[in-house]
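S.K.: One-letter residues, chain by chain:
There are 2 protein chains.
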Amino acid sequence: MDHPLEFRPIQKWLLRKLGDGVAPARIRLQLATDGEAGYTGDAPVATVLIRDASTLARLILNLEIEFGEAYAEGRIEVEGDLPALVEAAFRAIPRKRMDTRYSKLASRWLQWTQQNSLHGSRQNIHRHYDLNVDFYKLWLDSRLVYTCAYFANDAMTLEEAQLSKMDYVCRKLQLRPGETVVEAGCGWGALALYMAQNYGVSVKAFNISSEQIAFARQQTKLAGLGDRVEFIQDDYRNISGQYDAFVSVGMLEHVGKAHHDEMKRVIGRSMKKSSRGLLHFIGRNQPQQLNAWIRKRIFPGGYPPTLREAVGLMEPLNLSVLDVENLRMHYAWTLEHWLARFEQSADRVEEMFGREFVRQWRLYLAGSIAGFRSGSMQLFQLVFAGSECQSIPSTRNHLYDNQRSREKGLKWMHATP
Amino acid sequence: MDHPLEFRPIQKWLLRKLGDGVAPARIRLQLATDGEAGYTGDAPVATVLIRDASTLARLILNLEIEFGEAYAEGRIEVEGDLPALVEAAFRAIPRKRMDTRYSKLASRWLQWTQQNSLHGSRQNIHRHYDLNVDFYKLWLDSRLVYTCAYFANDAMTLEEAQLSKMDYVCRKLQLRPGETVVEAGCGWGALALYMAQNYGVSVKAFNISSEQIAFARQQTKLAGLGDRVEFIQDDYRNISGQYDAFVSVGMLEHVGKAHHDEMKRVIGRSMKKSSRGLLHFIGRNQPQQLNAWIRKRIFPGGYPPTLREAVGLMEPLNLSVLDVENLRMHYAWTLEHWLARFEQSADRVEEMFGREFVRQWRLYLAGSIAGFRSGSMQLFQLVFAGSECQSIPSTRNHLYDNQRSREKGLKWMHATP
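Protein sequence lines correspond, in order, to chains G and Z. For the first sequence, my numbering assigns the number 1 to the initial residue and increments by one for each residue that follows. For the second sequence, my numbering assigns the number 1 to the initial residue and increments by one for each residue that follows.
Please keep in mind that the hints were generated in silico from the structure rather than gathered at the bench. Even for Gly, the Cβ is constructed at its ideal location relative to N, Cα and C. Incorrect hints may have been included.
Some chain Z residues judged to face chain G by a derived CB distance under 7 Å, without partners named [said to hold, decoys possible]:
hint	residue
1	Arg308
2	Gly375
3	Ser387
4	Asn397
Computed list of lysine-lysine pairs in BS3-like fashion (alpha-carbon distance at most 27 Å, straight line) [unchecked claim]:
hint	chain 1	residue 1	chain 2	residue 2
5	Z	Lys96	G	Lys264
6	G	Lys257	G	Lys204
7	Z	Lys296	Z	Lys137
8	G	Lys96	Z	Lys272
9	Z	Lys96	G	Lys272
10	G	Lys96	G	Lys296
11	G	Lys264	G	Lys204
12	G	Lys221	G	Lys137
13	G	Lys272	G	Lys257
14	Z	Lys96	Z	Lys296
15	G	Lys273	Z	Lys96
16	Z	Lys104	Z	Lys296
17	G	Lys257	Z	Lys264
18	Z	Lys257	G	Lys264
19	G	Lys96	Z	Lys273
20	Z	Lys137	Z	Lys204
21	G	Lys96	G	Lys12
22	Z	Lys257	Z	Lys104
23	Z	Lys17	Z	Lys296
24	G	Lys96	Z	Lys264
25	Z	Lys221	Z	Lys204
26	Z	Lys273	Z	Lys204
27	Z	Lys272	Z	Lys257
28	G	Lys272	G	Lys204
Pairwise CB distance ranges, derived in the manner of DEER restraints [claimed, not checked]:
hint	chain 1	residue 1	chain 2	residue 2	range
29	Z	Thr33	G	Asp261	51 to 57 Å
30	Z	Arg97	G	Pro316	17 to 23 Å
31	G	Asp134	Z	Gly178	51 to 57 Å
32	G	Pro316	Z	Gln115	24 to 30 Å
33	Z	Tyr102	G	Arg122	51 to 57 Å
34	G	Arg176	Z	His119	50 to 56 Å
35	Z	Arg355	G	Gln390	33 to 39 Å
36	Z	Gly178	G	Ala340	37 to 43 Å
37	G	Lys96	Z	Tyr102	47 to 53 Å
38	Z	Asp134	G	Gly268	48 to 54 Å
39	Z	Lys273	G	Lys96	16 to 22 Å
40	G	Gly268	Z	Gln115	34 to 40 Å
If we strip away everything but chain G, and leave its shape as in the complex, we get (with noise of 0.2 Å):
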């Protein structure tokens, strides 16, 4: 072994600490050299095999970004499920256990490194979302939405709860033929496609993401679309004019609690007295960076700012807020269909980018599944509206008017940009 520490008590001691360290979590943990520790009883949710001493060290000094660090080398094997083993220590470990000073410190240097200026914005953004769109074809929905589904009802497949997210979507903002909209963050354009061609709206859609954009621009073409939607490559903060929409899908936790002012500016410009809003985006119960690998390693420069936070967004405006809805259960299912589709494309994934980056972004899939389900992370859809706004029904009726849904669900399955 290559591990500075060939001294089997100073192991056991460790590997005791990091057993204590996951409790009550039933989960078992086996040094690969030497021993065992946490969870001993029957069923354990799964076993953390720990393959040498050093790993272990590494573990107990930062344990956020070092488990990460050491699954995606192979230096840790996980035998059982995956999300199931995340989801347990998420709700077993409380947040201030996994608090060193070294993980903190840690944290602080992902934060100043991956500030959302101009700038950085464009190299984070560039880091995640400009991977091949080949990849990203392996394992979304064929429209290449990125985002939270909304499974209306139980039945429905990644495809029809894509759909039905973006139909939601255009519903909850009631668009009419010939109205403007606005969107903050766009990636592949499915969802300002979708509302083109379903809702007659013309929209401006923005993306920093060069690969996102031409992509986007291709799918316009062939859809015939280029009268009503436009693709501008530039960041959010550059929004100009006015519009009847603004609309922001999976954005917002991308901009960083240190630049939500400017979010706010954004937004107040953009709409009218009369105009309505929707922001959909990861959030939280309570403040919290986001966890510190998946910043190094998946969304550098995320946040996902808690309720409060986003609705403190629209008060300085004199926004009315008319809905908030809370669909985390819907961003737990859709993972668990990106994370089945990705394992079953993960052999060309390992072909195009190697072994390391298959067992990063199983990681990461699995953690998101694990973070919704335990109730770690939240997925807000929240419906504003200016102040003299008479557009928005006075019921919720229409998001539930299955007659309706039923029709357009028939013209969902045929609309395929």
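Following the hints, put chain Z in place on chain G, whose structure we already have.
M.R.: Here is chain Z on its own, set in the frame of chain G:
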């Protein structure tokens, strides 16, 4: 005339100044002794007749309080639609313009004299809710539900809309037979009885109004629900025990900003990790004191919080916000019903409490209609849950299941306690 300002040029100047103050509202001002000001075009919303120059001077010093005082005492007459007049004023007059040095002082004086200490709350609540129940019977629905109704469809009567609100609250909370519910601020007990009768739960309901508790206990006996509903004449701050559901309809706006922290602690200790809660309250888009005249004459100690402030109660408790709905227009409609019934019984009310009381309450009801119509006030229903609550469905379909509503509808109509 007995006013100190006989000099006509001063009167004219004051009248013009008041006219500028309410511009650009289409409100015509007329001083009975002399002169006109304000809007001079066609189709004014209403004409305000000011009986003497002393009233005119006081309106300029503190429009917020003096309009109500002068209207109640008959020193002002309104020709035209009273709610429309107040609505036009709310829309036209920016908050800042109302804040004279004198009005700020008066507002602070009210805050200081109307504090919601345990003793202060009893006094504040006594003044409004301990009025003779026969008075409220004249213009509320038959169950005396004195909070915003829910008009699930346009055809609903007030009776139906109050039943539909109570059922909506129960469905949002997903109450199940055998569960325990605590209600903070229960009015005359309609919701507590409804929950027990239609959802089979056991309810402890708190209220410091002796008149309301006496009435509620009487209703409990009549309905034979004594084994399942307990009405407790005590302050919400003295709630003890843990419950499956926490519900408070129309109380948070009486709590006062200075006591939000106490309210938070009550919610925190009443809920288990699996419990659900619902707050239904009058709110604001932006932090703002309640209208000073309303505090002086109608709701001493009242403060409608913003959604950010209300959600701020949940955050330190690690509660998940599941659903927020803004029902502002439903309160305008509810108040329109109340005002119309009130007017039908105005003679009877005058016999009971005198002419000034009738005019105070007419202005309060009309002004509240204006507040909700103009968006100066909001009505929020906020559903939240402990971190391990599994019992709220993942979609809101259950709130809009028409088959179920229709069946329930039959029951409601015969379920008068």
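S.K.: Quick check: does the Cβ-Cβ distance between aspartate 134(G) and glycine 178(Z) fall within 51 to 57 Å?
M.R.: 55 Å, holds
S.K.: Taking only the CA atoms, is the gap from lysine 257(Z) to lysine 104(Z) under or equal to 27 Å?
M.R.: 18 Å, holds
S.K.: Given the hint that lysine 96(G) pairs with lysine 273(Z), test it: the Cα-Cα distance must not exceed 27 Å.
M.R.: Holds, at roughly 19 Å.
S.K.: So does arginine 355(Z) sit 33 to 39 Å from glutamine 390(G), Cβ to Cβ?
M.R.: Holds: the Cβ-Cβ distance is about 37 Å, inside 33 to 39 Å.
S.K.: Between lysine 96(G) and lysine 272(Z), does the CA-CA distance stay at or below 27 Å?
M.R.: 22 Å, holds
S.K.: Please verify whether lysine 96(Z) and lysine 272(G) have alpha carbons no more than 27 Å apart.
M.R.: At roughly 22 Å apart (the allowed maximum being 27 Å), lysine 272(G) and lysine 96(Z) satisfy the hint.
S.K.: Given a hinted range of 51 to 57 Å, is it respected by the beta-carbon distance of threonine 33(Z) and aspartate 261(G)?
M.R.: 53 Å, holds
S.K.: Lysine 17(Z) and lysine 296(Z) were given as a pair; does the straight-line alpha-carbon distance stay at or below 27 Å?
M.R.: Judged against 27 Å, a Cα distance of about 26 Å means the pair holds.
S.K.: Could you see if the CB distance from tyrosine 102(Z) to arginine 122(G) stays within 51 to 57 Å?
M.R.: For tyrosine 102(Z) and arginine 122(G) the Cβ distance comes to about 55 Å; the hint holds.
S.K.: Given the hint that lysine 296(Z) pairs with lysine 137(Z), test it: the Cα-Cα distance must not exceed 27 Å.
M.R.: 24 Å, holds
S.K.: For a C-alpha distance cap of 27 Å, please report whether lysine 257(Z) and lysine 264(G) respect it.
M.R.: 25 Å, holds
S.K.: Would you mind confirming whether the straight-line C-alpha gap from lysine 264(G) to lysine 204(G) stays at or under 27 Å?
M.R.: 18 Å, holds
Consistency with the previously given hints is maintained throughout, with no hint failing.
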